[in-house]
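Colleague: Sequences are here, hints too, so could you generate the full structure?
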Amino acid sequence: MPTIEDVVQSCREQIEDSSFRSVVDWKQRHPGGKVVGYFPVYFPAEIVAAAGMLPVGIFGGGNRIAVKRADAHMYSFMCSICKTTTELALNGQLAFLDAFIGHPICDAARHMPSLLERNMQGLLGDLLYYPGSIGTPLAVPYLRREYVRIRQLFEHLVGHPIKDEDLRDSIRQYNEARRLTREMYAIRRQSPWLLTALESYILTRVGTLLPVQEYIPLLRQVLEQIPKRDRRPIDKVRIVYEGAFCEQPPLEFIQALEEACYVVDDDFLLGARLIKGDVAEHGDPLLNLAEAYCNETTYCSTQHDPRRAKSDGFLEKCRTAEAQAVILAPAKFCEPGLDDQVHFMKRAEREGLPSLQMEFQERMKDFDGIRVQTETFAEALLFYSESAGVSPESTGTRFTGVGK
Amino acid sequence: MRPEALSDVVKTTSTTGVTRQQTKAAVKNAFADAWQAKEKGNKICYTYVLGPIELLRSFDMYLIFPEIGAANMAAKKTSLPYIQKAEDYGYASDTCSYVTADVGLYLSDMNHPFGKVPKPDLVLNDTLCNTYYKWSEITQDFFSCPIFTLDHPVRMARKEYPYDLEALYQEDKRYVVDQLKRLIAACEELTGKSFDLDKFRNNLDLANRMGALWCEIIDKTRHRPSPFDAVLEGYNYMGGATTLKGTEAGIAYLSAIKADLDQRIAEGKGAVPEERFRLLWMSAPCYPYFRRIPEMFHRSGAVFVYTPQFMQPTRGTYRAQQYDLSRPLESYAECLMDYFHARNPRRPPQWSMGWVGGGGEIDNQIELLHHFSADGIVYHAIKSCRMNSASLADFREHVSRRGVPILMLESDIADPRFFSEAQIRNRIEAFMEGLVEKKLSRVAAVG
Chain A
15 MPTIEDVVQS CREQIEDSSF RSVVDWKQRH PGGKVVGYFP VYFPAEIVAA
65 AGMLPVGIFG GGNRIAVKRA DAHMYSFMCS ICKTTTELAL NGQLAFLDAF
115 IGHPICDAAR HMPSLLERNM QGLLGDLLYY PGSIGTPLAV PYLRREYVRI
165 RQLFEHLVGH PIKDEDLRDS IRQYNEARRL TREMYAIRRQ SPWLLTALES
215 YILTRVGTLL PVQEYIPLLR QVLEQIPKRD RRPIDKVRIV YEGAFCEQPP
265 LEFIQALEEA CYVVDDDFLL GARLIKGDVA EHGDPLLNLA EAYCNETTYC
315 STQHDPRRAK SDGFLEKCRT AEAQAVILAP AKFCEPGLDD QVHFMKRAER
365 EGLPSLQMEF QERMKDFDGI RVQTETFAEA LLFYSESAGV SPESTGTRFT
415 GVGK
Chain B
37 MRPEALSDVV KTTSTTGVTR QQTKAAVKNA FADAWQAKEK GNKICYTYVL
87 GPIELLRSFD MYLIFPEIGA ANMAAKKTSL PYIQKAEDYG YASDTCSYVT
137 ADVGLYLSDM NHPFGKVPKP DLVLNDTLCN TYYKWSEITQ DFFSCPIFTL
187 DHPVRMARKE YPYDLEALYQ EDKRYVVDQL KRLIAACEEL TGKSFDLDKF
237 RNNLDLANRM GALWCEIIDK TRHRPSPFDA VLEGYNYMGG ATTLKGTEAG
287 IAYLSAIKAD LDQRIAEGKG AVPEERFRLL WMSAPCYPYF RRIPEMFHRS
337 GAVFVYTPQF MQPTRGTYRA QQYDLSRPLE SYAECLMDYF HARNPRRPPQ
387 WSMGWVGGGG EIDNQIELLH HFSADGIVYH AIKSCRMNSA SLADFREHVS
437 RRGVPILMLE SDIADPRFFS EAQIRNRIEA FMEGLVEKKL SRVAAVG
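Chains A and B are the protein sequences, given in the same order.
One rule links them: number in the numbering used here = place in the first sequence (from 1) + 14.
One rule links them: number in the numbering used here = place in the second sequence (from 1) + 36.
Please keep in mind that the hints were generated in silico from the structure rather than gathered at the bench.
For every residue, glycine included, the Cβ atom is placed at its ideal position computed from N, Cα and C.
A couple of the hints might just be wrong.
Output of the computed footprint for chain B on chain A, the stretches with three or more beta carbons under 8 angstroms from beta carbons of chain B [stated by the list, open to error]:
| # | segment |
| --- | --- |
| 1 | 88 to 94 |
| 2 | 112 to 126 |
| 3 | 140 to 146 |
| 4 | 151 to 159 |
| 5 | 337 to 350 |
| 6 | 353 to 367 |
Modeller: Here it is, written out as structure tokens:
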């Protein structure tokens with residue numbers, strides 16, 4: 015059996031491959047098979063998989079491609095994920111896509127389906143329009159109808175009906191993938207030395223490329239081996255990271271954080287964990303998916319829910335993770351992330367939870383600044399900060415208080 | 037502003053130069069009038085320029101438009117200290133400067149250059165852009181006021197639909213109507229007033245009349261020479277029309293503008309002394325240097341004859357479309373959905389860009405050029421506004437392939453730090469030289 019390190023390394027190669035060889039291979043192995051790309055944050059991949067198509071998360075080109083052509087198609091103040099996704103499209107590196115689904119998560123992302131459709135011949139682009147306010151009684155019936163429309167769109171693309179039973183099967187499989195992902199995160203909260211944030215990130219990210227039937231055994235294989243790892247705890251600060259719900263930071267960025275801290279929870283690839291529990295597996299599958307999106311999700315900067323403040327969910331996450339501090343680092347030019355950074359920062363201040371504010375870009379290549387800032391922050395927490403209840407003799411008080 | 041106050045202005049001012057004064061009066065007195073309304077027990081609602089104004093006004097709510105407040109700060113060259121205050125508080129300079137200017141206002145004890153602003157009793161989040169969601173949430177963080185979100189789905193237009201488009205439209209409409217009913221219930225609870233259907237219908241009637249007048253006004257730029265500049269004067273007209281939407285004063289205001297323009301046309305007066313080029317302006321202006329950019333074009337005899345934002349004052353009541361007073365709520369929902377961001381693909385956007393609508397955007401711009409006999413397009417990409425700006429460079433690539441001269445400028449709506457005069461002047465001069473050469477070569481070819 016391959017070791018965790020082997021599996022992670024193999025997954026890393028897949029996610030760093032901007033030619034998407036694994037997806038292209040899937041298409042070759044499935045003649046006539048269709049690939050549906052989706053933009054973050056959340057996408058009901060269950061519907062695509064139930065049609066026998068491959069859902070693929072499109073998270074830009076990372077810091078391994080140079081932006082040359084996309085600059086002519088996008089102005090200066092656009093986030094990296096939109097720019098590098100466009101670069102991939104213009105370079106023909108997304109030619110395997112039969113459809114691309116975006117969401118109105120922000121003013122930039124709203125443009126992506128149209129923009130890609132204009133520049134990729136034969137591509138089917140669409141906006142899956144989530145309800146503007148998920149907390150009203152109108153949201154679930156509306157979203158169910160929207161899922162019906164999306165199902166019809168995919169039926170047209172794949173050329174056959176998508177049966178309810180296939181949708182329920184698909185939901186069962188994605189529930190299992192979500193359960194296994196939650197297990198990984200539980201391990202990180204409980205024993206962060208056993209699984210790093212970088213490893214868990216890579217293992218989550220690869221799930222946006224693989225068919226769910228291949229992804230589940232991969233995660234099981236890793237989870238089985240984690241308790242047997244010979245790793246010991248180190249005296250590090252426990253932090254929660256917030257800000258990467260859409261654009262993803264480079265792997266080196268996560269690594270730089272982990273050199274100084276245990277990242278015990280985060281919002282990387284939030285779509286994979288947006289739904290907190292299982293989607294109901296019986297009854298109307300599209301209604302169940304809509305219910306889960308509106309009523310069973312964790313907080314997210316791109317969802318508006320009048321029933322709760324986002325910082326309530328944020329504090330709950332910090333409490334559950336027993337975090338000593340938070341790093342609030344949204345992507346540059348990310349309006350929802352940058353605005354919520356202040357919302358979270360002020361709440362953290364009120365709760366006496368130390369926070370560090372930074373920004374990242376998917377395209378960034380220099381991590382010295384990030385490393386120095388994080389180390390300084392962690393050292394201050396370990397040795398100097400009384401506000402966090404940290405004394406030189408201990409690794410500090412963990413955050414458990416939640417108020418408003 | 038109290039509607040009667042503006043009516044007074046209209047009655048007592050001559051037509052020449054009236055419109056700018058009226059706009060100034062409408063906007064400048066808004067906060068003083070808001071306090072008077074509050075003293076009378078009316079509720080204060082913050083809403084954005086495309087919010088359901090006629091409905092909110094039927095509950096006698098006093099409407100404050102944070103965007104207009106921020107734009108006025110910028111136009112008065114006072115926005116930067118407010119923005120910097122918000123940045124000191126924690127907000128990033130890469131976000132919407134309307135929002136940061138507004139947050140700066142909250143952090144300045146609500147002291148706006150035009151007066152002290154009352155706090156909101158309600159924020160109405162129109163969902164035209166995603167920043168409205170965040171802006172509403174920020175306002176709520178500061179004032180603990182309720183937010184009402186009025187959502188209208190965006191639908192991409194496509195050549196063929198694998199679903200029943202008509203059925204989808206009807207379902208979307210029901211979704212919007214149901215939200216309007218919930219908004220009515222929320223307003224009844226907040227104001228203690230019952231919904232007055234006749235009053236709402238009357239507001240819609242006034243809005244229809246304003247819409248018709250507005251369409252006449254914006255069509256006047258088809259005259260040669262154009263009697264007004266779509267940026268320099270057009271945005272002033274829009275500020276007043278939005279502030280007074282659905283009121284008698286609004287009708288008087290637009291009537292005065294129309295009369296003024298008719299007089300200019302009769303006298304043969306153009307927006308520039310010698311009109312040589314006619315251009316389309318895509319996106320919002322650079323308010324901190326509001327006059328500077330259009331004037332750089334004027335020097336070369338270029339005038340702006342249209343901007344898609346001209347659809348804002350009427351919100352969907354453009355062209356022949358009017359609110360149907362026999363079914364007010366349903367018709368209101370239709371107009372909310374038919375707005376120019378292609379919420380209703382059954383009605384392809386006319387005179388607009390259809391930013392996120394899918395398909396047709398390029399043809400639509402070509403049609404606009406023909407309709408207004410324009411020589412080229414200026415795209416103004418705004419740091420703050422990705423909603424307006426994200427596709428502009430891509431449009432440039434596609435529209436220019438049809439031989440259309442395009443200039444793309446970058447600056448901001450409220451933050452003066454993103455304006456580089458030398459760079460913008462150079463680009464404008466180079467563009468204008470290109471237009472001159474193109475015209476000369478065309479003349480030579482014909483000759």
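Colleague: Checking against the hints above, which ones are violated?
Modeller: The structure breaks none of the hints.
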